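Q: If you want the building blocks of each chain, they are given just below.
Number of protein chains: 4
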Amino acid sequence: MINVTIWNEFVHEKIHDEVREVYPDGLHMALANGLGGEGFAIRTATLDQPEHGLSDEVLNSTDVLIWWGHMAHDRVSDEISQKVAQRVLDGMGLIVLHSGHFSKPFKALMGTSCDLKWREANEQEIIWCVNPSHPIAEGINGKIILEKEEMYGEFFDIPVPDELVFVSNFQGGEVFRSGCTFLRGSGKIFYFRPGHETYPTFYNPEILKVISNGVKWAYPARNVKPEFGFSEPVRSLGNVLV
Amino acid sequence: MINVTIWNEFVHEKIHDEVREVYPDGLHMALANGLGGEGFAIRTATLDQPEHGLSDEVLNSTDVLIWWGHMAHDRVSDEISQKVAQRVLDGMGLIVLHSGHFSKPFKALMGTSCDLKWREANEQEIIWCVNPSHPIAEGINGKIILEKEEMYGEFFDIPVPDELVFVSNFQGGEVFRSGCTFLRGSGKIFYFRPGHETYPTFYNPEILKVISNGVKWAYPARNVKPEFGFSEPVRSLGNVLV
Amino acid sequence: MINVTIWNEFVHEKIHDEVREVYPDGLHMALANGLGGEGFAIRTATLDQPEHGLSDEVLNSTDVLIWWGHMAHDRVSDEISQKVAQRVLDGMGLIVLHSGHFSKPFKALMGTSCDLKWREANEQEIIWCVNPSHPIAEGINGKIILEKEEMYGEFFDIPVPDELVFVSNFQGGEVFRSGCTFLRGSGKIFYFRPGHETYPTFYNPEILKVISNGVKWAYPARNVKPEFGFSEPVRSLGNVLV
Amino acid sequence: MINVTIWNEFVHEKIHDEVREVYPDGLHMALANGLGGEGFAIRTATLDQPEHGLSDEVLNSTDVLIWWGHMAHDRVSDEISQKVAQRVLDGMGLIVLHSGHFSKPFKALMGTSCDLKWREANEQEIIWCVNPSHPIAEGINGKIILEKEEMYGEFFDIPVPDELVFVSNFQGGEVFRSGCTFLRGSGKIFYFRPGHETYPTFYNPEILKVISNGVKWAYPARNVKPEFGFSEPVRSLGNVLV
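Chains as they are written, first to last, in UniProt numbering: chain A, 1 to 242; chain B, 1 to 242; chain C, 1 to 242; chain D, 1 to 242.
FYI, nobody ran anything at the bench for these hints, they're computed from the structure. Note that the structure is predicted; figures quoted are calculated from it, not measured.
Copies of the same chain are indistinguishable here, so a pair counts whether it falls within one copy or spans any two.
Keeping only pairs whose Cα atoms sit at most 25 Å apart, straight-line, the calculated DSS-like set for lysine-lysine is: (1) Lys107 to Lys225; (2) Lys107 to Lys83; (3) Lys225 to Lys83; (4) Lys216 to Lys83; (5) Lys104 to Lys83; (6) Lys209 to Lys225; (7) Lys14 to Lys104; (8) Lys107 to Lys216; (9) Lys148 to Lys209; (10) Lys104 to Lys216.
With the sequences and hints as input, model every part of the structure.
A: Pasting the structure below:
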């Protein structure tokens, strides 16, 4: 069983009526419900909890962490951010959603600004699969259409993804690398673009399917613990002085 | 003309006789002399200079920065490290040599531990080209043999390189991804493995050729300044409310 | 000086009035004129010439071949197609334009069907740069807008490109990986999507700039001739029996 | 259950005593036995069978094909080779072992010469994992040591692999990209270097583990059937004339 922790900053939902209408119990609860049928062991965590809900105990028992944040990235402590990034390097999977592109853990793991273009205009997004045999695209038939979403546009300042799975078309003319995977240390990261807080994106079955696929893909392989440091030769060095 | 700044921590050479014998004026001067015939405008900078020799003026007028450090990574200030990383994201090329894999700017740009296996045993390294049409391999005929070098072994905990140019074979049985390129922001990074301080590696013409090729490759293309932030639609949204 | 050969099947222009109106002397002549200011040594070749204009002498003295074909792919002989592909593996650069995705040499070098979605509907294409520091994007400011082009849509059945430089947005909702590089053998390949025969795309200065950049990028590095076959050990095998 | 077909040219074992001693029933039977505990549904096929044992019925009911060939590549018919390559593009997984690098289906899918350096000298090969979180490396602890193998050395003339999983060190000084994955069409390909016919490599539990991992990795995702050809707009083109 995969232990999934869904982290949501959970601020918009408390202070913006239009967001609360869409996600009355918070984005994290919509995700938890939406992923509930997959057999994952799901917990949630939010910014205002002690240690943002991400104690060592929680992090160490999490196989895959899902992250949504937007207006309160700065309120996530450096200490917890570093612990999250370190756990990824040690093998925990990480699914970063939408505005999580600017979260501290994601930026630290990418090493770049993670900046992009954006526009809130209720416009149509069409998410195309460019890697149909990838396990994250399993069950998706070519494309996903979202009638209203925020626009994110290129250039998206990330390292070249290890795998590009989805690319979005926006009505206003932009494109965006919407589904990107990255290996970092022993951990696997999947960035997935959609999910603005004012739209019901996280109730969409195809979006939930992709996130669920992402969780399964990012689930850490067992026995991954590379050795580092001083190392004896495998093969005799003969007359070489060590 | 390419403005190159060669940064060396310049500590070993002052306190270890065996290093000073090989590089009496410092590694940076050997590199400066070795690259002198390429027509670069070369400056050097070292740890003990004010701002480690990397003032805003120096950084802003540097096209490509070469970095060698080993025993004093921690003495490089966080402020200067961040400025270096930011300049790379803004377009400055970066050549990281050997033990610079553990330098603060490189680690920040990679987002991983950058750890590896190592051994000092005077053993032979053979550096093979696995990407013969890459400009960094220009003039190298298949392989470079170094009779004595420190061993670095896999797993090298870096992100998957954008391009793999060289792979090393060590006498004791290890392999290492020795020549790796990375795009980060608007900047290009080349990591090149050889160059332990007790060996005359930086007098080797083929090693100098690769570093020189790397400088030319990392030289920033002009007119690269991506736009970010709010963006008007390129194409009319029709009846969509913005 | 870079020796460029521009190959055009040159059939549409002879039999379709609307194409001849746009390219009265053939697409190849528009390209030759448009690239004329770059200092290349330019020749052209067409299907109906002996050996399709691609004799051994022409191929062997070509540094970079530009290829446009559409309705007569099958009329290109297997022999010449194989020679073109072999020359690429031996180091010649190749720029494949638009409907050249279905040409015999490109398909042989890719190993896939190279199929895609398409539509001729006079719709707007916006070509976005997703790799701003790439030399092929030099001088392009974020995007290129073509008011009317044929649509090509994903899934584009190519191997994962070594580098993705441009991605297109089409008015009807599709996206396409429009600028892709591939290394094959000692040769460099750049596929660039735009250029339907009924539109004046090859008079567009930005399109010509990208093609010109592509030629410079694909220009073969010197001294690339890998060795293959039986190989003596570099390092003594000691007591091992060879 | 994964339907695996193991194809072996099965010539060496019939005519070379030293090979028959190692693989008295053929390499394919050693592989079939070695993979038997994984729960795969395993069939074998060999060159001398009608249609080389690869009838349409067999190919169409094969999820993953394992291929070993060496001295009789030319005796595999073009027709069957093309069917194998097409089935890979249509989604069948393919595991190519050792000298299969020169097989017709692999070369057609790669588009390159697939040439390399080689030497038969009973020398030690150490296969290092450079991608420890990859599912194909699951259960492998850093490296695999084979006391005697044929040497394969770089440059290996393949396209840049989509993923590099293993790199080999040979006693004589060479390196080789030993574990490489490629996506082609809807199919997944894993090339794995070891397995010369005169050594008991295919009895080694770690080698069998990697091949078994490869089979599971290459098992085709369901529902992958991209659409191609003429395509109606997803989004209204408004006043644009179609």
